[in-house]
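Given chain A's structure and the hints, the job is docking chain B onto it.
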Amino acid sequence: MMLFAISKDNTGPRVDHAALFENLMRKSHRQAYSLAYRLTGNSAEAEDLVQESFVRAFRFFAKYDPAMPFTSWLYRIMTNAHIDSMRRKGKLKTMSLEQGGADGNTTWEVPDIDSSPDRMLLHDSLDEPVQLALNAMTPEFRMAVLLADVEGMAYEEIADVMHTSVGTVRSRIHRGRKQIRKHLLKHAPQAYRSYSDEL
Amino acid sequence: MNCKSAQTYLSAYLDGELSGQESLQMRDHLSQCRECQVEEIQLRTLKQMLRGLPLYEPTEGFEDRLVSQVMGAGERKRRFTLTFGPSLRLAGGLAAVAIIAGFGLVKLTERKVPMTRPQPTARLDSADFEFTRDQLFMAGNDPLSGNRFVVPTSYGHK
Chain A
0 MMLFAISKDN TGPRVDHAAL FENLMRKSHR QAYSLAYRLT GNSAEAEDLV QESFVRAFRF
60 FAKYDPAMPF TSWLYRIMTN AHIDSMRRKG KLKTMSLEQG GADGNTTWEV PDIDSSPDRM
120 LLHDSLDEPV QLALNAMTPE FRMAVLLADV EGMAYEEIAD VMHTSVGTVR SRIHRGRKQI
180 RKHLLKHAPQ AYRSYSDEL
Chain B
0 MNCKSAQTYL SAYLDGELSG QESLQMRDHL SQCRECQVEE IQLRTLKQML RGLPLYEPTE
60 GFEDRLVSQV MGAGERKRRF TLTFGPSLRL AGGLAAVAII AGFGLVKLTE RKVPMTRPQP
120 TARLDSADFE FTRDQLFMAG NDPLSGNRFV VPTSYGHK
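Protein chains in written order, with numbering that gives the first Met the number 0: chain A, 0 to 198; chain B, 0 to 157.
With the rest of the complex left out, here is chain A (with noise of 0.2 Å):
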């Protein structure tokens, strides 16, 4: 009896939660994947980003706020899941986010990934370098650097999606940006200066 009742309660109202969120997935997914692409660096760690963060979205769709754009919730979730897994895979620094240089030039180690299965999916023009520039920076300098220039967010915007402040994210983007730049002119100079040249 007990069994029947909470099934019927709750029945109705989550056929359309469900179907809601569907929607929402569907319309949503390229751009999270792309974002998870430039986040994670191949393809099957994207997708597994992206399936990580749904399935936490739905989880927790009933605290969704509808005030917000559903992406930049998802972004928020997704921040937190990229974060989780590359502390899981110890990839994560354990450096203070906001250490380093003060003139941002702190650099960075950067992985090898040449025995990606993905390689091949990227140009050999400045797409391959930055994406390892990117993969060269703390989660936290890369999220803020994609979801400006790429998603073409707004700072209070993104600092309401990385839960922090609007000056920490001003510093993030602009360090972030000096740590491209920097690795450009080191690794792939003369792509980076005849793009340069270009505009």
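Check the hints yourself; a few may be wrong.
To be verified - Here are the simulated EDC-like cross-link-like pairs (lysine to aspartate or glutamate), alpha carbons at most 20 Å apart as the crow flies:
{"hint": "1", "chain 1": "A", "residue 1": "K62", "chain 2": "A", "residue 2": "E139"}
{"hint": "2", "chain 1": "A", "residue 1": "K181", "chain 2": "B", "residue 2": "E59"}
{"hint": "3", "chain 1": "B", "residue 1": "K46", "chain 2": "A", "residue 2": "E44"}
{"hint": "4", "chain 1": "A", "residue 1": "K88", "chain 2": "B", "residue 2": "E39"}
{"hint": "5", "chain 1": "A", "residue 1": "K26", "chain 2": "B", "residue 2": "E38"}
{"hint": "6", "chain 1": "A", "residue 1": "K181", "chain 2": "A", "residue 2": "E155"}
{"hint": "7", "chain 1": "A", "residue 1": "K88", "chain 2": "A", "residue 2": "E155"}
{"hint": "8", "chain 1": "B", "residue 1": "K46", "chain 2": "A", "residue 2": "E155"}
{"hint": "9", "chain 1": "A", "residue 1": "K181", "chain 2": "B", "residue 2": "E16"}
{"hint": "10", "chain 1": "B", "residue 1": "K46", "chain 2": "A", "residue 2": "E197"}
{"hint": "11", "chain 1": "B", "residue 1": "K46", "chain 2": "A", "residue 2": "E127"}
{"hint": "12", "chain 1": "A", "residue 1": "K62", "chain 2": "A", "residue 2": "E44"}
{"hint": "13", "chain 1": "B", "residue 1": "K46", "chain 2": "B", "residue 2": "E16"}
{"hint": "14", "chain 1": "B", "residue 1": "K46", "chain 2": "A", "residue 2": "D47"}
The set of hints was computed from the structure by calculation and includes no laboratory data.
Please read all numbers here as calculations on a predicted model, not as lab measurements.
Showing chain B alone in chain A's frame:
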């Protein structure tokens, strides 16, 4: 605005994230500082490059796989909760009641454990030893017969 402040706020300036006053100060500084102008051009170029990065597409069939896995995971969790949730709560409640009742019962029926070793209730001249003595006699182990006589230790002391 000096060069240090200008370079710290350049990215925010390029992103249109400075206030009107700060933007005017930045523009004023850039018009006078060649070094910051170069920095501004380089960061602008980089920003344009990042904005032009191609979007990656998921593999064939990813959307359906994703929907199936995500909704399937949610449905499994929901079904488990609906099916076993009340039962698990009920079982948990019953188990707790049983444990408390059992504990109470043990407390009620528990006896005081004697602190000293219990003394044997049989006395040496009790019926048991009388019987043993008779058995020995019947078996021919009579001390007067000269046969080997086995005397129980306790009886011997008697």
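Evaluation of the provided hints:
no. : hint                 : in the structure
1   : K62(A) with E139(A)  : 24 Å, violated
2   : K181(A) with E59(B)  : 36 Å, violated
3   : K46(B) with E44(A)   : 26 Å, violated
4   : K88(A) with E39(B)   : 38 Å, violated
5   : K26(A) with E38(B)   : 39 Å, violated
6   : K181(A) with E155(A) : 27 Å, violated
7   : K88(A) with E155(A)  : 31 Å, violated
8   : K46(B) with E155(A)  : 18 Å, holds
9   : K181(A) with E16(B)  : 24 Å, violated
10  : K46(B) with E197(A)  : 14 Å, holds
11  : K46(B) with E127(A)  : 16 Å, holds
12  : K62(A) with E44(A)   : 27 Å, violated
13  : K46(B) with E16(B)   : 14 Å, holds
14  : K46(B) with D47(A)   : 28 Å, violated
Of the numbered hints stated above, those contradicted by the structure are hints 1, 2, 3, 4, 5, 6, 7, 9, 12 and 14, listed in ascending order.
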